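The primary structure of each chain is shown beneath.
Protein chains: 2
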Amino acid sequence: MAADRDRSWSPPTISEVAAEAGVGRASAARTLGGYGYASPELRDRVLAAAEKLGYRTNALARSMSTGISHTLGVIVADIGNPFFAGVVRGISDTSRARGFDTIVLSTHEELDEEKAAIGVLVDKRVDGIIIASAALGRDAVDHITGTVDRGVPVVLLDRAIEHLNLASVVTDNREAARRAAELFIQNGHRRIGFIWGPATTEPVTTRRELSAATSNNLWSDGERLRGYLDALDDAGISFDPALVMTEEKTEENATHSVARMLDLPAPITAILCSETDATTGALRAVRASGLRYPDDVSIIGFDDSSWAAVMDPPLTMIEQPMLELGNRAAEILLDEIDGGNQTQLMHTLESRFIERSSVTGPPPLRSRNP
Amino acid sequence: MAADRDRSWSPPTISEVAAEAGVGRASAARTLGGYGYASPELRDRVLAAAEKLGYRTNALARSMSTGISHTLGVIVADIGNPFFAGVVRGISDTSRARGFDTIVLSTHEELDEEKAAIGVLVDKRVDGIIIASAALGRDAVDHITGTVDRGVPVVLLDRAIEHLNLASVVTDNREAARRAAELFIQNGHRRIGFIWGPATTEPVTTRRELSAATSNNLWSDGERLRGYLDALDDAGISFDPALVMTEEKTEENATHSVARMLDLPAPITAILCSETDATTGALRAVRASGLRYPDDVSIIGFDDSSWAAVMDPPLTMIEQPMLELGNRAAEILLDEIDGGNQTQLMHTLESRFIERSSVTGPPPLRSRNP
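Protein sequences, first through last, are from chains F and G.
Per UniProt numbering, the very first residue in the first sequence carries number 1; after that it's consecutive.
Per UniProt numbering, the very first residue in the second sequence carries number 1; after that it's consecutive.
If you're looking for bench data, these hints aren't it; they were derived computationally from the structure.
No false leads were slipped in.
You can't tell identical chains apart in this list, so a pair holds if it fits in one copy or across any two.
Mimicking SDA-like on lysine to any residue, the simulated pairs with C-alpha atoms at most 20 Å apart in a straight line are:
hint	residue 1	residue 2
1	K115	G99
2	K115	A97
3	K115	D93
4	K115	R96
5	K115	R89
Computed from a predicted structure; not experimentally measured.
All chains, full assembly: derive it from the sequences and hints.
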């Protein structure tokens, strides 16, 4: 066993140090991480055990020799999105309670900025990184795997990257979208617009083409679209490509797409919006068409906000557990920094469905061009 | 002159280095800052001049010996406020164009977190700091002056601190609030609620007591209240303390305060809201009272958003130049990092008044308890 260890030595875990010192794992983690209270006697035992086993995490090396870091780096795609602002709040609450500060970089959904952001955080010697990556399905993510290889733990947030062997904290996007579309269908709707789908300049006229486009999308957007399609399938409603927006994702394009869908010979009678800007864009189109919700068209959107509650009528919305997402991502990362091993890779948190007054049955058939 | 210099030596400026090297100030700044293009010949001349004069900025020391930092730190009170998210975008756009990355910390309006945040940024060796301080009028700001004393340039954002000798980039809060109140008055209103004023548990029954409370408030909040009072004074309307909210600043308290003001024997007929949460809180109270805007009560709020434009009717709002605020603060800080001297301390940018449909004349006198 000792010989094995010499040949392919792997660093001892925090649990092995704890066992050697005869203390609990949490106490060992606290001492080695340099945060929280540890009695001098306990501290001495843990440090002696760590030295005997050759334990050296980054955190230990930093806190004991090259200076304490105690900082988490967070990379979000767009800090202007209230969703990410809420998640960052959750991360910093949990980090702070465990003695870590949080620094944030925003990439504006650009992969080049994301690569630069990782460089900055590694350069600033953060102890770990939480990232909501701007990478689409087709993009290489060497900058993320390279960071892990350099010994900086990474947790993925909001957007899983399926071929990576990393812990991911996400919401039940697919289930939430399915439930929203299902509510429309239960109310009698069969022409349901989806704002927004995958941005693509390729023609999307079949389910197969849609699926191909989706595989090059953000993971979370793809999941929401799949949930929408699940609900249609369950109800035996055939997919109509004209009802899924494939333009670039901006509020203005959402307005144009919804206006177009409201003007079809068989117009949409319900709209599922996958972002705040998609929702406000859709509302602009509804108003500009001289229509009213929910009588002429029903609406459900991601993500809930104070504004959605004070609209008249108030909007039925999907609320993602932003704080909890942030809390969980920070916990997983901090446990890993403390030397724990990740066992569960995918952590899926439940969204809340907030029913207000923007969903009713479809209007009687109306002729749009009298 | 040389003797004078020896006795009280002050570091040479970037302009002196440029003159010595016979190059433009921008070229010298680029070379010494280590960003952008400089030909080898130009670079050599600038560095020789810098050495001769003993020029050593932090940026130079870092880029030439201890490694390049090229990072700005930004401390905002609440990254969940879309206003700050927009400002951060402006900061990072300008920084990026000049070769700097931006890292952000959010303090949740808590001074202790702000002090910790400054410690983190100094520890991470940022080249300068932009801060929207959570300090109230009564708070000591040694953590800010101490940072400047250690040679890290600081620019104040959104909230001036009047006794500090630092560049501040703010909006015309007082003028914007005055203009909003004036529009109400021009439409015939005389009972105008202000949500929110200074949070205080002291009784506020006189103008003097209000003024005392305001001096312990955030600078920007105080300015908005002063603008509201300016408009009342100009119109000869006497101040009524019952029309200024002094509870802690939350959406829920805004709802309670507006409900109370709508229920006064002489109720308010217009509401000026100084934050997004104040605006949504006010709208909840209006709806709960069975009233409609603008027919029963007129509304104007800070800050504009997509949601305000899709409300029915759309809201008249004040839009602060968020991107421009961020751009300007970054420019000033980067110029200072490059060795420039600040001459102008207060930079006040203009807000935009966006008139939509939430302001009309006051309703005919109504009996609120029939």
